[in-house]
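Read off the chains here:
Number of protein chains: 2
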Amino acid sequence: MNEKAFQEFYSEDFSHCYGCGTQNKEGYQIKSYWEGDESVSYFEPKPHHTSIPGFVYGGLIASLIDCHSTGTGAAALYDEEIKAGNKPEFYPRCVTASLLVNYLKPTPIDCVLELRAKVKELKGKKVIVSVNLFAKGEVTATGEVVVVRVPEGWKP
Amino acid sequence: MNEKAFQEFYSEDFSHCYGCGTQNKEGYQIKSYWEGDESVSYFEPKPHHTSIPGFVYGGLIASLIDCHSTGTGAAALYDEEIKAGNKPEFYPRCVTASLLVNYLKPTPIDCVLELRAKVKELKGKKVIVSVNLFAKGEVTATGEVVVVRVPEGWKP
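As given, the protein sequences belong to chains A and B, one line each in that order. Per our numbering: the first sequence = residues 2 to 157. Per our numbering: the second sequence = residues 2 to 157.
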């Protein structure tokens, strides 16, 4: 596992996301790393992140899958730049075009959640990311996320 | 518009959701109402609910679409019970089987978001809900959510 998370390679302008921005002090600050050809992230839900008592609310699961996927897409696009002989200062920033989450079973809240993702397709500015979310060793939700690179030079 | 929101008809056991539980003091407490054959909900994002500065983060949009849809499914199933001559004390509680969100354009954060949903299909315990999310009069995201009724008598 690398020392620095994908999200630590975003430029300051793109580090304010509630889900994954290192500058958003009230947000989840999720962190993603390569582990071989998979990207991983770990998140411990707070007790108030509940749906039905004992279980994680679906919106958090969707948020984790979303931000872990935009991070994975950004890291994959950065790797393409490196392969092409470029050396950008920051990771590109991706936004979500579509997010599909399948909730297979209730996700227990009293554990660290593990997200493992793979790049399913990378073409131009678009990356499709597949995600499994594990709780206590079981896959409780899966995701498929289409992310798109923010155009070069675009500023918020 | 009715005076009481769908979520105020959930039993206490099912009122702890971070997205829509009336008992979750740290949550979004989203409220949904019928308006003709559409269900509506309004939500004002906080400044920290950002993605890229100026825009709402996708996880919040997914959360609003999710909880508004489980509420709409519950209300629709309750109406079926009434048509069948029953008069349950509470709304049934639905959970999400799958959530699809299409992000059509960036959603501005400095406004009240409006969700409008319709029941696309209702069959047995399953309801499919279609949602449009409006910001400043424009549809910026759409959702399709499959929700399923929690079995009668199930307790958290």
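Incorrect hints may have been included.
As the list claims (entries may be wrong) - No more than 30 Å apart at the CA atoms, straight line, and that leaves these computed lysine-lysine pairs for DSS-like:
1) A:Lys32 with A:Lys121
2) A:Lys156 with B:Lys47
3) A:Lys26 with A:Lys84
4) B:Lys156 with A:Lys106
5) B:Lys32 with A:Lys47
6) A:Lys137 with B:Lys26
7) A:Lys26 with B:Lys32
By construction, these hints were calculated from the structure, which means they are not laboratory data.
The hints, checked one at a time:
no.	hint	in the structure
1	A:Lys32 with A:Lys121	20 Å, holds
2	A:Lys156 with B:Lys47	21 Å, holds
3	A:Lys26 with A:Lys84	34 Å, violated
4	B:Lys156 with A:Lys106	16 Å, holds
5	B:Lys32 with A:Lys47	23 Å, holds
6	A:Lys137 with B:Lys26	28 Å, holds
7	A:Lys26 with B:Lys32	27 Å, holds
Of the numbered hints stated above, the single one contradicted by the structure is hint 3.
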